[in-house]
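Asker: Each chain is listed here by its residues.
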Amino acid sequence: MQPDSDQPLLRMRGVGKAFFGVRVLDDVDLDLHPGQVHALVGENGAGKSTLMKIASGVYQPDAGTLELSGKPVTLPDPRAAQAAGIGIIHQEFNLLPERTVAENVFLGREPLRRGLVDRRAMQARTAELLAGIGESAIAPQAKVGRLSVAQQQVVEIVKALALDARVLIMDEPTASLADHEVELLYALVRRLQARGIGILYVSHRLTEVFDLSGRITVLKDGRRVTTLATAEATADTLVRHMVGRELSHYYPDRAAPGSAGAAVLTLSAAGNGRLRPVDLELRSGEVLGVGGLQGSGRSALARAVFGIDGFRTGQLLLDGVAMRVRSPRQAVRAGIAYVTEDRKGEGLALSQSVLDNALLAQRAVTPRWFARNARATTVRELLDAVEVHAAGTEQEIRYLSGGNQQKVILARWLAMKPRVLLFDEPTRGIDVGAKAAIHDLIRRLAADGAAVLMISSELPELIGMSDRIVVMRDGAIAGELPAGSSEEAVMGLATGAATNTEVTA
Amino acid sequence: MNKRGWRLPQLDATNGVWPALAVALVVGGSLVALDGGSLFSESSTISLLQRAAGLGIVAVGQTIAILAGSLDLSVAYVISLTSLVAAETMAGSDGMVLPAIGAVLLVSAAIGLLNGLLITKLRINAFIATLGVGLLIKGYLEQGYAGPAGSVPTSFQHLGYDRVGPIPLSFLLFAAVAAAVWFTLRSTRYGHHLIATGGDLDVARLSGVRTDLVLIRTHVICSLCAGIAGLYLASRLGAGAPRVGAEGGYDLESIAAVVLGGTVLAGGRGGVAGTVGGVLLLAVIDAVFNQLEVDSFFKQMVRGVVIVAAVAVYALRLRRTSDQRKAAVA
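Protein chains in written order, with the UniProt record's numbering: chain A, 1 to 505; chain B, 1 to 330.
It should be emphasised that the hints constitute simulated quantities derived from the structure, not laboratory data. Please note that a few of the clues may not be correct.
[Unchecked claim] As a list, the in silico EDC-like pairs of lysine to aspartate or glutamate whose alpha-carbon atoms are at most 20 Å apart:
| # | chain 1 | residue 1 | chain 2 | residue 2 |
| --- | --- | --- | --- | --- |
| 1 | A | Lys-53 | B | Asp-202 |
| 2 | A | Lys-344 | B | Glu-142 |
| 3 | A | Lys-344 | A | Asp-279 |
[What the hints assert, rightly or not] Simulated restraints, written as ranges between beta carbons of each label pair:
| # | chain 1 | residue 1 | chain 2 | residue 2 | range |
| --- | --- | --- | --- | --- | --- |
| 4 | A | Arg-324 | B | Val-302 | 24 to 30 Å |
| 5 | A | Ala-83 | B | Ala-315 | 36 to 42 Å |
| 6 | B | Val-308 | A | Gln-395 | 38 to 44 Å |
[Stated by the list, open to error] Not the full set, but computed from the structure, chain A residues with beta-carbon under 8 Å of chain B:
| # | residue |
| --- | --- |
| 7 | Asp-26 |
| 8 | Pro-78 |
| 9 | Asn-94 |
| 10 | Leu-95 |
| 11 | Leu-96 |
| 12 | Arg-109 |
| 13 | Glu-110 |
| 14 | Val-117 |
| 15 | Gly-464 |
Every residue, glycine too, gets a C-beta built ideally from N, C-alpha and C.
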């Protein structure tokens, strides 16, 4: 139930913002009521983060007004927003891992007693706040670094609540959570809602939007497309509002049945510390989807093939020849490419240019200086081919959207002409439009004869893209499914509910 | 909820120095005993503690600079300068002791302020800023002094030579400085903000901590510690010495002691207690080698090995725990 009182907690009217003459937000209205979860959706670049930053005092709007409980406010900086009762939970937490929960919650506002920090009061009040949202399992004196990611998120929320936040902005709150932790977050969001807190929920994952929100505002190209009650929305209509395209057109056509070529990569009883012996065949021309819960060994499999944490037992055959891949360098030389899950951490040199990032693998593995101009030309062509939108190849890559960053990484590997491509969550944190482009690219690569292994937690993507699906559980392959299997079949294998090796959809 | 019980403290980088110190005492003590000497005789204990005092006071200041995510390479020159300021102001007269102490504190605070301002307002990297200030002082000292200058009255030499039982007064001064800084870190807002600033500047700033102010204060305190060490050395030497700081290697030694004590160079993690252990460890190693009359070149090598080994062990432990954490998540 969403109690919609008349007076919105936060009301934004006609909000606009331009950077260097480029209008990124134009005439946006938004009402957030107490006890309401209001989802904000839209592609990257649609203006979500700008709107969030205006609401949390990071940016000043050029046009429009903000009202809190009916009173006009200006928020010159984040502290003013905090003081006004607006808290924001970023994707990357603003916590100190070396300090305790209580020290983090009261950082900057430590309670004093006779001029000294009153630890007892600090811990007692933190415990109260934690109990107030039903999270008393977290000890106020525990070091934050020792908590799970989900618990750290709770600490972040408590930190906001300690400031009497009545408006909570959550930016992709599930992005860093494991699957089972998402349920805990749901429960927490509902408890916050019951306390009358208004939540502005920003997410790419439509499932969450439907599960949690009462209202949805769709932004596109800096404008508000529509605001609608969640009950009246469907995934199709939302996606159409976001990109002007129906959900069913998401995925490119699969390979024709039986069109897959010879086995390029074969694993026989290959295992290591994190993987029980795995048998797997990856054929040229196919997209093999790898499903499973977080921690089931999917990434460990890709990392082993790529030589990061290599196999200790069994065999890896490349084109039928047994090989030991001991380092990523060897893997790259053998024609294997790996697009990692952690794009910023493992995929990119953030402060280097688009071109440098695209040339990274080539420069590292085949440092032929005499050919560098020719090589840069090739990479520029590749960047064009994958349709990277950047101010130029010299732009620092950190300023690109996630989708464009991912395309640069793709260009990097395409330049190596790999025969085996490993994708780990290729579209995580990427907006809907760019997702489709990446899906197209993956499919085209397969059609050109590459063997593609794609790990994905997003079931529609896994099912929509894969010619075959293997599902992992506890470091082993739990079973294989044919193209177009149902989400239930995948989840059945992933959770152990179904144990057959062959489940038909 | 708040169950209190005895359990073994978990061994990590912040307290790993104590077992290392115990090992050094046992092994060093036996080696010296085999050589026919004694590491624990009154005279050698006294000289050990005296050696620890000078470095210790500097290292405590260095600890908070590093904890705050900064660094101070100017301390060695501040020590030389303040020893001269002290000895020249006193000029052998008892009545000038207090003004001299005041002058030393003022001069060192001003240098700390300069360091802090360069780092926060001009956004110069701490390494470069403090190195630059250090070289500036060095230039002044080399220009103005060829050798020791000034003189310290006998009354002030008590600081360097008096003892309470077997414990030198100077070591008590070190203990007092360490305790004061420890308490500051633990129980004042400034202390909490300092660790937050070193842990993550942006997090601290977004939480409302005035990080610039924290860094400036930290550098002032760090320089004050160096100034106090300068006073102590002036009292020991009876005069001001323009090269005492640099020759004693107080800049790098103090950083080594801090790192041995488990404070992470990146800041935000560690503390004064570890540094005290690190200082004692270095002093014990020194004492052992002095007693064994080992070649000073070999001594330096062993120190180097100890420091690198300690940091390697800490890094390994850190990686292991973070791996475990990752494995638990993945």
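Asker: If a hint holds in the structure, say so; if it doesn't, say that too.
Answerer: Against the structure, the hints come out as follows:
no.	hint	result
1	Lys-53(A) with Asp-202(B)	16 Å, holds
2	Lys-344(A) with Glu-142(B)	50 Å, violated
3	Lys-344(A) with Asp-279(A)	31 Å, violated
4	Arg-324(A) with Val-302(B): 24 to 30 Å	41 Å, violated
5	Ala-83(A) with Ala-315(B): 36 to 42 Å	41 Å, holds
6	Val-308(B) with Gln-395(A): 38 to 44 Å	41 Å, holds
7	Asp-26	28 Å, violated
8	Pro-78	6 Å, holds
9	Asn-94	5 Å, holds
10	Leu-95	7 Å, holds
11	Leu-96	4 Å, holds
12	Arg-109	7 Å, holds
13	Glu-110	5 Å, holds
14	Val-117	5 Å, holds
15	Gly-464	25 Å, violated
Violated hints for the displayed structure, listed by number in ascending order: 2, 3, 4, 7 and 15.
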